[in-house]
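**Q** Which chain is which? The protein sequence lines are D and R, in order.
The opening position of the first sequence corresponds to residue 1 in the UniProt record's numbering, with each subsequent residue numbered one higher.
The opening position of the second sequence corresponds to residue 1 in the UniProt record's numbering, with each subsequent residue numbered one higher.
Note that these hints are calculated values from the structure, not bench results.
Watch out, some of these pointers could steer you wrong.
In this list, chains with the same sequence are indistinguishable; a pair is considered to hold if it fits within one copy or across any two.
[To be verified] With a straight-line Cα cutoff of 20 angstroms, these simulated DMTMM-like cross-link-like pairs (lysine to aspartate or glutamate) come out: (1) 661 to 180; (2) 747 to 402; (3) 661 to 487; (4) 668 to 642; (5) 887 to 235; (6) 705 to 749; (7) 300 to 275.
2 protein chains.
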Amino acid sequence: MDQTKFVYFFGNGQADGDASMKNLLGGKGANLAEMTRLGVPVPSGFTISTEVCGLYLAQGGYPAGLKEQVATALGKMEEAMGATFGSAENPLLLSVRSGARVSMPGMMDTVLNLGLNDTTVEGMISRTGDARFAYDSYRRFVTMYSDVVLGVAHHHFEEMINAKKAQVGKKMDTEMSADDWKDLVGQFKAKVQQETGKPFPESPEDQLWGAIGAVFNSWNIPRAIVYRKLNDIPEEWGTAVNVQSMVFGNMGEDCATGVAFTRDPSTGENRFYGEYLVNAQGEDVVAGIRTPHQVTIEGKNRQDSDLAAMEEELPELYKELYAVQQRLEKHYSDMQDIEFTIQQGKLWLLQTRNGKRTAKAALKIAVDMVNEGMIDKQTAIMRVAPDTLDQLLHPMLDPKADRTVVGKALPASPGAATGMVVFNSDDAEKWAEEGKKVMLVRDETSPEDIHGMHSAQGIITARGGMTSHAAVVARGMGRPCVSGCSELHISGNSCKIGSLEVKEGDWLTIDGSTGEIMQGQVATMDPELSGDFATFMEWAEEIARMKVRTNADNPEDARTARNFGAQGIGLCRTEHMFFGAERIINMRGMILAENDDDRRKSIAKILPYQREDFEGLFREMKGFPVTIRLLDPPLHEFIPHDEEGQQEVAESTGMPLEKVKARVESLKEFNPMLGHRGCRLGVSYPEVYEMQAQAIMEAACHLVKNEGYTIIPEIMIPLVGVVSELKLLREKCAAVCEKVMQENGVKLEYMIGTMVELPRAAVTADQIAAEADFFSFGTNDLTQTTMGISRDDSGPFLKEYVDKNLLPKDPFVSIDQVGVGGLVRMGAEKGRSTKPGLKLGVCGEHGGDPDSIGFFETVGLDYVSCSPYRVPIARLAAAQAAVNNKK
Amino acid sequence: MDQTKFVYFFGNGQADGDASMKNLLGGKGANLAEMTRLGVPVPSGFTISTEVCGLYLAQGGYPAGLKEQVATALGKMEEAMGATFGSAENPLLLSVRSGARVSMPGMMDTVLNLGLNDTTVEGMISRTGDARFAYDSYRRFVTMYSDVVLGVAHHHFEEMINAKKAQVGKKMDTEMSADDWKDLVGQFKAKVQQETGKPFPESPEDQLWGAIGAVFNSWNIPRAIVYRKLNDIPEEWGTAVNVQSMVFGNMGEDCATGVAFTRDPSTGENRFYGEYLVNAQGEDVVAGIRTPHQVTIEGKNRQDSDLAAMEEELPELYKELYAVQQRLEKHYSDMQDIEFTIQQGKLWLLQTRNGKRTAKAALKIAVDMVNEGMIDKQTAIMRVAPDTLDQLLHPMLDPKADRTVVGKALPASPGAATGMVVFNSDDAEKWAEEGKKVMLVRDETSPEDIHGMHSAQGIITARGGMTSHAAVVARGMGRPCVSGCSELHISGNSCKIGSLEVKEGDWLTIDGSTGEIMQGQVATMDPELSGDFATFMEWAEEIARMKVRTNADNPEDARTARNFGAQGIGLCRTEHMFFGAERIINMRGMILAENDDDRRKSIAKILPYQREDFEGLFREMKGFPVTIRLLDPPLHEFIPHDEEGQQEVAESTGMPLEKVKARVESLKEFNPMLGHRGCRLGVSYPEVYEMQAQAIMEAACHLVKNEGYTIIPEIMIPLVGVVSELKLLREKCAAVCEKVMQENGVKLEYMIGTMVELPRAAVTADQIAAEADFFSFGTNDLTQTTMGISRDDSGPFLKEYVDKNLLPKDPFVSIDQVGVGGLVRMGAEKGRSTKPGLKLGVCGEHGGDPDSIGFFETVGLDYVSCSPYRVPIARLAAAQAAVNNKK
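Work out the full structure, taking the sequences as your base and the hints as a guide.
**A** Structure below.
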């Protein structure tokens, strides 16, 4: 009768398991088997399967046959390693580790040197000739085993070591002698007896089974259970146990240990790169106490190092290592991070894993590997985390430059910037015109600061979160920005950041990727967008199903986004266009008008500007769709709220101050977010929307007629909640469009659609779709209304929510897939139930967030739209989403 | 071969149709047939079925056989009426009317006196001996026919009449002679020839077919189509045509006409009540030119009238009429409003319909008819419109009292009130304590005005809609209130309403049911809740499936609601409890606390007050559930925003003014509705919720232990959007509850649930239900977030939306069933998918709106909760909803 196989041996180039058996052997066990099969010299060992974990925990004991299978595997290990478990001459020592399907912090990690006792320690001494090393290893084993297997806390042993040091007058561990450690081993064991009521296990067998049981039990300790819950790991998976032979890099001068990367993890160059130390443990290489040697001569030369390279010192072993690393990279088709040990002249590989790398390296490695025929394009694009591209798109601080960080704020818009401080937008513009580099420092920004933000190198605000006005606009412009700096206090023409007094004209530098504020000028470097970058992005576009558009209100942003590969404009906010100096006067005239006639006159004066705006955008986006949102924000945003500003308005419009004030008062709202805005303005003042539709169509007709453009303007009505709103405004806009086309003798396609940004729009999307040529999900506002959270006011509690694990992430950064996303999915499905081909996109901040983009792919949206500097990220995320969704 | 039946005759006590054939004969035709079958003397006639309409419009002509069927029916009519169509001696004249399944304004209404021409007019003269009457009828027929059938507009004829009057030197129609009218008939016909190119049809047959065709064609005129669209009436229904014999109450002294009700429509008393006039047309009775006589002697005596009653003048006809009205009421099982005509000594019934009645009458008639065995209880409760009950619950203006209306506002809270004007709540309280009746006049109210509103007889505000703070709180208290009076301008201790100057202490009266503001004192009357009212409400409760609870924060409101039959409290808002003079100090102390310790100390001081509050509520609601919502509003509502108030706070809390100001500043929010409130406060300051849970349970334990109460407190966590919030706070509250029970040695059931008032809560209700013992839908906030409309700010556009037909109703008054209601349904279904027995209720303003209650019945909610004065309305609406939903 066949017995169930519980134990999977590996060693001597042969293994019972392989990489495909992660579920049964855990990630680590499967990988050790795989490496062995590859012919890589791996210290021999065996894996007890995850099945045994389930049986052990259910039955409270080991299944029949396990002991025999372990004994057999141990025998094979002894043969492979030429050593014997429990031997007084040449003892085999073991490591015991847990290993679940996925790496799981919280569970038992490792017991090293298992098999040491008063007998085998002598064997170790005779093998190494180093009693101090042997007893040091022994005392480490006893403390580690006692702690993780027997539950006797570490501090007991620390106290005894300190007492011993005091007794013998020594301070450092390194000063301790073999006898000191030997004495302490005896004390430790007595302490274990005292604490547990049982002697410390002397038998290597007992030690081994104790450790195996501890690994299995650690599956159910509280912090492992919590981790499983948080990460949705099923209880029934269980953990495997990996038992492996110990090898030592510190047994003498014919021993060494090192780490290496198959390619340069910093630049991505295809060169073998590593560091090693003779007669050392792994920790010694990383800890930096001794300066490690380079593995290759090329590496030594690059670093101008005097220390001999492994390639020189140990040429044969180097050749072997080089071959192994090549085999591993080829096998895993990815850059590997490997750990190796040389024990008495023999090379052992302890670990291989995909190596961490910089964004630049990731991109280069992916592109190179495709060119080398190692991977296909689809694999390549999965190899780069989209968000890391951001590092490549912005100016960076010169890593070598000195800096003095004086404050910390939110990393609102990436990139580094340095400039002279100004405290208002007019000064920013003026100084910039004089050729100065300025840093705009404000409590918060409003639409009236657009020109100042444009003129500034960077922006610092005291208030506002990651989705505040400053943050959103700065990201859109690609201006570095740090926001919500609680240490910043502005008063007049100076400010304090923490204890630092900053006056107008002082230099500050910010890193918008970290949120740091630095005193003075710190050198910055421009981004290098190499040919690899362009190649890589092309592949992403081939693979992606969704298009990527940009949110842009002006030709400059549109051009930036086009350069980054945007395929159209998904959101042009027209309100920013009303803030130009000549325009705002007429906008205010329109708002203050006391009758329809005056209102129409003011609006008519804005028309030429609007037409010019749209023409500029259409030119930049030649051949691509442009979605223009009609006026959205409440009117009070266009009128100053302070008396001085109102006085100016009174003068410029020729209206008594009292009337201006009264109008401002009447426009005041408790919750402007839920007030008289969006299409509600269109309903109240249809002439505004009609003017905008006219400007859009006149611009389009002009370019089509005189310059032979193909343009499909998409007119977007915001904040629709009820289909009747859209129907009314669609009819009004369509009438204007038809009229303009008739007057110009031009016939062109145009679309009229809506933003789905209210829960009601999603719930009634089947009705609304009947009047819409497209939907664009405005997930910023949809998040605000669905969750009932104002993003301007969420600062004080959203952070607390994420900290307390009440929310996984800030829902304004990454879409809440279950709640807000549930409504997006409902809106898409209902919309397409009415119009199967309905064009669907998203234009909230989420359009640039990779996780959100992954979600939108599953919903079947046609495109995402994001700020210009997020376009490459979104393009890559869209490609990855397409691949993941196909799986 | 049977021919399809197109024409349905009625007359002489026999009819082809009956009341069940509304689809085929239209409402009017079916009802005329039914009355004829009952033996009621109805002028004979016939109905051409709606089927013919479809055929006629599809084919552009009449189906084969129709002409013959019409001829046959006409023959029977002649026989029944003893007159002949087209006869020069005794002509039968006809009325022709449209009649669809449901009454449809917009379509052709009526042509009267059809059949008149130069020949038959002579027959009319010889029958009546009154040439002027005959020619007056003739000219009326020609103008009416020309207008509605031939499309020659009325004004043409008006102009000719005016010209004629000028010519003959007369001013009034009544002065015109037979010859004058005769001459005009000739002129009219010439005008028709000129306008249409065809002569006016002389042949009665042609007239009849012209009219029939016009009725059918009127089904498709634009205003009929619009009406159909607005009311969801399918095009294929079509209209029937009713052709009926004319009878005349104005043919001489043996003629009469009248209207009557089978019961008193004002009081509901079971007495036959009517008015009539000899030798008159129907319009004469209603127009009030001649004083009508009473039908019964009893009516004459009641009115102290000198005019002879029909019962005296025409005793035989009276007896006949009396029998007919008895038969009709019995047949229709409802109070009937009838029209009758006596033509030359013969009684004819022209119409019967269910009579309109006052709320008081509706109630009395319903109860009486059950007692008389005419209808069952279920029918009775369907007979009273729930909203009309409101008239019975509040003081009313004495209808006989003189009044001078000086302003108009929104009817925010029903009932009449009169009082002396004060302009702040402290004065209101002080004056009321001195025994004065006060009218509180404010720009708007805030939670700090609660004591003033309580002290006042009524409230007037300059700002705020039907769901403003003033309106909601006033309705809750049953205080009459008119809100949003745009003509009201307050300055200091006086105000202007329109042009009226009002000083402190001046008397004003308001009618909260109409929104009127009156100068001085107008006498009011207390409501009379008769025994019928109680009986009727008991029946409603028997029939209703849903329970009705009340929203109440204090024992007084709870008591009022209990008296109105509330079966528990569905929403106790605890925030109002924090405004008492001693409490607000500690509340502010809690808000201004700089560390957890100080905060806990302030909170601990509020505990005894809270416990007392809850004990009071539990006592009033003995045996019924009480749902208590933990603290909900943002903290800034508890701190004054003006410097003076802040100075007071600084003094009372012993904190520097600067710190108070800084805290107020830090609490400021752009959109407080979407800010740091609800359970977000509980997350930030769990000690507040813990204190409230402790107070609730201590109050409950005390009453259970010492007074043997049965209490199931329902603790409600507000504004939950994510299940993790509820889980966290539920655990904290439950721990406190268990602790209190242990300390008191009491074990009682309690529930912890949540308000579903965010779209996300509805969308993820399956998750949230896992942590909730109940859901209460907070449809006020759910409407705000689902539609993205702040009710405080919606004034300027919501009215416009309703006016422009973009929304059918104010969604804060009656729930938006498709959008907001869609989320309520989703929340209920998802919640019960996790917990099948999950208790579901609603506690928004919609809980008192009959249409909304009808909707909630279809969702399967367990209860609705509304303000005390809406309880009877909700109870009746719940009963009607149960009946309608069963259908």
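**Q** What are the numbers of the hints the structure violates, in ascending order?
**A** 1, 2, 5
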